[in-house]
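Below, each chain spelled out in residue letters.
2 protein chains.
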Amino acid sequence: MPEKRGKLIVVSGPSGAGKSTVIQKLMERRSDLCFSVSATTRDPREGEVQGKDYFFVSHEAFDEMVERGELLEHATYVKNCYGTPRNYVEQRRAEGLHVLLDIEVQGAAQVRAKVSDAVTVFVIPPSLEVLRQRLHDRGTDSELVIQERLERARAEYVEAAFYDYIVVNDDADAAAKELDAIITSACCRFEDRKEYLKIH
Amino acid sequence: MPEKRGKLIVVSGPSGAGKSTVIQKLMERRSDLCFSVSATTRDPREGEVQGKDYFFVSHEAFDEMVERGELLEHATYVKNCYGTPRNYVEQRRAEGLHVLLDIEVQGAAQVRAKVSDAVTVFVIPPSLEVLRQRLHDRGTDSELVIQERLERARAEYVEAAFYDYIVVNDDADAAAKELDAIITSACCRFEDRKEYLKIH
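For the record, the sequence lines run as chains U and V.
Each residue of the first sequence is one higher than the one before, starting from 1 at the first, in the working numbering.
Each residue of the second sequence is one higher than the one before, starting from 201 at the first, in the working numbering.
All the pointers check out, no bait thrown in.
No farther apart than 27 Å at their CA atoms in a straight line, the calculated lysine-lysine pairs in the DSSO-like style are these:
(1) K25(U) <-> K377(V)
(2) K177(U) <-> K377(V)
(3) K225(V) <-> K194(U)
(4) K314(V) <-> K194(U)
(5) K394(V) <-> K25(U)
(6) K377(V) <-> K4(U)
These stretches of chain U come out as covered by chain V in the derived footprint (C-beta under 8 Å, 3 or more residues):
(7) 123–130
(8) 168–180
Bear in mind the hints are in silico, worked out from the structure with no lab data behind them.
Backbone N, C-alpha and C fix where the C-beta goes; we use that ideal spot for every residue, glycine too.
I would like the entire structure built from these sequences, with the hints used as guidance.
Okay, structure coming up:
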């Protein structure tokens with residue numbers, strides 16, 4: 001039997017699309033799927049475990065990882081750097097596990113340039129009007145912040161054209177089922193199965 | 201909501217791969233999937249219904265369908281002609297139904313040239329050795345016929361490179377689940393969902 005290498009699944013989508021819930025339900029459906037562990041320069045919080053929650057590294061070490069091309073993507077938030085170690089992802093994939101990256105559109109573009117067989121999925125709400133309503137209903141954001149989030153979603157939607165798949169999160173269970181199917185079908189692609197076609 | 205057009209699913213595979221069983225199990229899993237109805241010049245058998253089992257037509261009518269480009273693919277077996285009417289497939293797809301074509305590699309090549317968004321799946325046994333064993337075990341073929349079937353399978357395997365997906369039928373339920381996932385994921389492709397990305 002040909003050996004089975006796991007897939008790299010990149011999931012992005014606007015804030016309020018319900019991506020986290022969908023991913024959680026997806027994780028419950030598949031035992032062969034894991035999250036990537038990010039490298040970060042921020043300090044560990046109580047209870048966080050090195051190598052499990054994050055790879056905690058110094059700014060110098062992080063910069064070296066970037067220079068050596070050891071990160072599939074990286075970004076800076078509030079002065080702290082975050083990145084996806086290529087090595088970690090490759091090891092899990094070699095074990096046959098699919099690795100899920102929940103990252104923003106800029107990070108996804110970096111991954112796409114480095115991992116040609118990455119499977120990319122953009123999760124969206126049924127419409128921007130529904131997104132506006134959801135943000136309004138949860139009551140945590142002012143009208144101004146909601147407007148900013150919608151503006152940002154519109155900007156991200158332009159990047160959606162570079163993703164392989166669009167999952168519309170109307171119902172989280174249905175959306176998780178679609179993501180599940182996307183992973184299963186990705187494993188059936190001709191390129192992944194052609195070893196089975198040896199005729200001798 | 202954008203309207204939902206069904207997919208055209210083309211399934212091929214060597215004799216003995218267990219394709220029929222897999223397709224039957226797939227049909228049980230999806231109520232939105234139907235078989236195409238072929239046009240044929242052969243006489244109706246007892247109980248066969250015009251427009252349900254086949255579209256029974258004269259040789260002249262069949263030739264006209266070919267000339268007018270009304271068939272997605274056609275072939276001749278034992279002096280009778282068989283073909284897939286484009287109109288029938290298009291109508292079912294417009295209703296939102298996925299249409300399944302169970303055809304040989306030559307027919308699949310014709311469909312691929314005419315339907316750019318056809319989803320093509322090649323179903324194979326785990327290995328040619330397993331295929332040989334299956335053909336041997338069912339005891340209906342002589343050793344010579346088995347050798348001929350294996351030769352034909354080898355020839356068909358060369359054409360598998362033109363299919364989108366390979367489904368390995370080790371277990372019919374697992375294979376049906378993969379075909380199911382292939383259809384679901386095909387509906388999530390960016391091209392099919394981009395209407396949801398309208399920002400106004």
